[in-house]
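Number of protein chains: 2
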Amino acid sequence: MTHNFGAGPCILPQEVFKQASQAVLEFNGTGLSILEISHRTPEFEQVVDETIRLIKELMNVPEGYSVVLLQGGASMQFSMVPMNLLADGQTASYLDTGVWASKALKEAKIVGNVNIVASSKEANYTYIPKDFTIPADSAYFHYTSNNTIYGTELFETPHTEVPVVCDMSSDIMSRVVNVADFSLIYAGAQKNIGPAGLTVVIVKDSILGKSGRKLGSMLDYQVQIEGGSMYNTPPVFAIYVAMLNLRWLKSKGGIADIERENLAKAEALYKEIDRNPLFKGTCNVEDRSRMNICFVMENPELEKPFLKFAEDREIIGIKGHRSVGGFRASMYNALPITSVHALIDAMQDFEEKHRN
Amino acid sequence: MTHNFGAGPCILPQEVFKQASQAVLEFNGTGLSILEISHRTPEFEQVVDETIRLIKELMNVPEGYSVVLLQGGASMQFSMVPMNLLADGQTASYLDTGVWASKALKEAKIVGNVNIVASSKEANYTYIPKDFTIPADSAYFHYTSNNTIYGTELFETPHTEVPVVCDMSSDIMSRVVNVADFSLIYAGAQKNIGPAGLTVVIVKDSILGKSGRKLGSMLDYQVQIEGGSMYNTPPVFAIYVAMLNLRWLKSKGGIADIERENLAKAEALYKEIDRNPLFKGTCNVEDRSRMNICFVMENPELEKPFLKFAEDREIIGIKGHRSVGGFRASMYNALPITSVHALIDAMQDFEEKHRN
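Protein chains in written order, with UniProt numbering: chain A, 1 to 356; chain B, 1 to 356.
Only chain A is shown next, with the shape it has when bound in the complex:
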């Protein structure tokens, strides 16, 4: 059995793969592949409806919020957020906690004024800045809840009167959040929602229509909401697989239950990293991510041998991002705890082997 610790696109449940594979041959008794059905068929309209309904139900999205299914990934949201929310002359505040946060604010600067409230760049983003002030006249405050590359996560939503916008791409649906704390949440689907090629946006309706900017239809949240996520042809298969995955999450008991599992998985691996004399974590302990666990070896020369040692046990995707080095074990919702144990066993066996 392969243990897929890849950072994304990433592991999804095996039963989702089986159902998706079947639907590519025949979808829902239609006699047609999911790849050849019209998005305007009642059968597919039901898929879109159920996907949006499951997102609302699982995340407990309150009244007054819309959920839209888009394309282009979080990177497209880096532009769409300021285009839709940042009026001429206004300033948006950004927290810089990593490469993706930094890209988001760079794109916002193309649209308008940006204020960086804090940055941990000088420490290679190994911690989440805590002491910062969000100016009360900011159009919005933007942050990244989980930093995939560095393995840090911001668990407590910053308190502010300013509308909060959050890139939750890599920890959405991994733990309970209070959607009402946010004005806009966005996420590329390819971690805990579904496959690559789909983007989810959850937006408070009352913040829209205020930028005074005339936008192209595809870039305008209001147009996409009114189009019911089908202003134009949507990414049919990606939405279908997301629906299957959200059904699986619901069958597992929902986000509170998966959060307990994710916590257990993360605690087990961090415990081993802290115990095993060969390994050490790379981040500030209180900011450690549950989704992406970064660690290096005390002796860097052992990193290549350990990577090989792990791969021989079908543990894959643990090579760290080049900007951190070492290892990164991504442990999204669908990664079973048995895979975490396989990695821990490998670390212990490698320790044993190198004791002498």
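Since the hints were made in silico from the structure, they are not lab data.
One or more hints might be untrue.
[Claimed, not checked] Reference listing, derived: stretches of chain B covered by chain A, where coverage requires no fewer than 3 residues with Cβ under 8 Å from a Cβ of chain A:
#1 17-30
#2 35-45
#3 72-80
#4 229-243
[Unchecked claim] Just a few of them, taken from the derived set where beta-carbon distance is under 7 Å, the chain A residues facing chain B:
#5 10
#6 75
#7 79
#8 263
Positions of the beta carbon are idealized from the N, C-alpha and C atoms, including for glycine.
Got chain A; can you put chain B on it based on the hints?
Just chain B now, with coordinates in the frame of chain A:
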């Protein structure tokens, strides 16, 4: 056997469905589903490379052009084209041949000045305007080569010194075109290229970088080209299926060969429409599309019964668009001629039944 005449997302070859279904279970001997592999693996980078190589080979794309794989469909290109090519103060010329052409020019108007060289709107777009002048100082000339809703197609590229931009969404790769006649070609994949969720852009490199407009990275062709179609996470599965479909097209002999088949399919059905006293075509004969064949009945009261009659024979997707009514038989590359014969047989049997 189901005969899928749907307008898109549409039929793809059965062998593509089989291969795609298998890859959802296991991709290329990796032990992983195509849905869980990283886009940065060598295996997937090869998929992107082969997809781009096949597009270049099949369409005989000359030197000096780039092929990029994007998201957002043709509708996103309606905005990206003027954002990238239309400088402040310049005017772009558009030919209005249908709803999609009209949407394209509406989006361009949000970005800059638009000149409509001709329109057949007053005749419900039943013909392609021929006598029009493209002002020599236009930033570019935009047209839609095939009008999916109305069943018209523009076979001869308009002669002009102005850069030509073409939305080929619904007839790309159905017939040979000379790419050198164009400065930019774009197409949503979901007709002849692959499944929904992928957009192909073929652009002459020398026309880029002249608009003076500072664009968000995702909206900038140059950034996407430099990113090798992977500036951010691409729609992995849609690209993979497109590659399989392009391989199939190549194995069929390429575009010249499929064009002969498409011509034979279209001629057979138009011949029956013109012969059968119950039916009549809706478009100007010389502008008739090979991809989307629109027809109505002399007696509109027979349309519902014929639709039912056809559906009983597993002929699906032939209901006409609401703005034209009657029927639309979409006959993309993957639709076998046996399906066309099944439709013709149904028309003849229905005629027989209603003779008395």
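Hint by hint, here is what the structure shows:
no. : hint    : in the structure
1   : 17-30   : holds (count 7)
2   : 35-45   : holds (count 5)
3   : 72-80   : holds (count 7)
4   : 229-243 : holds (count 9)
5   : 10      : holds, 6 Å
6   : 75      : holds, 4 Å
7   : 79      : holds, 3 Å
8   : 263     : violated, 23 Å
Hint violations for this structure: number 8 only, all remaining hints satisfied.
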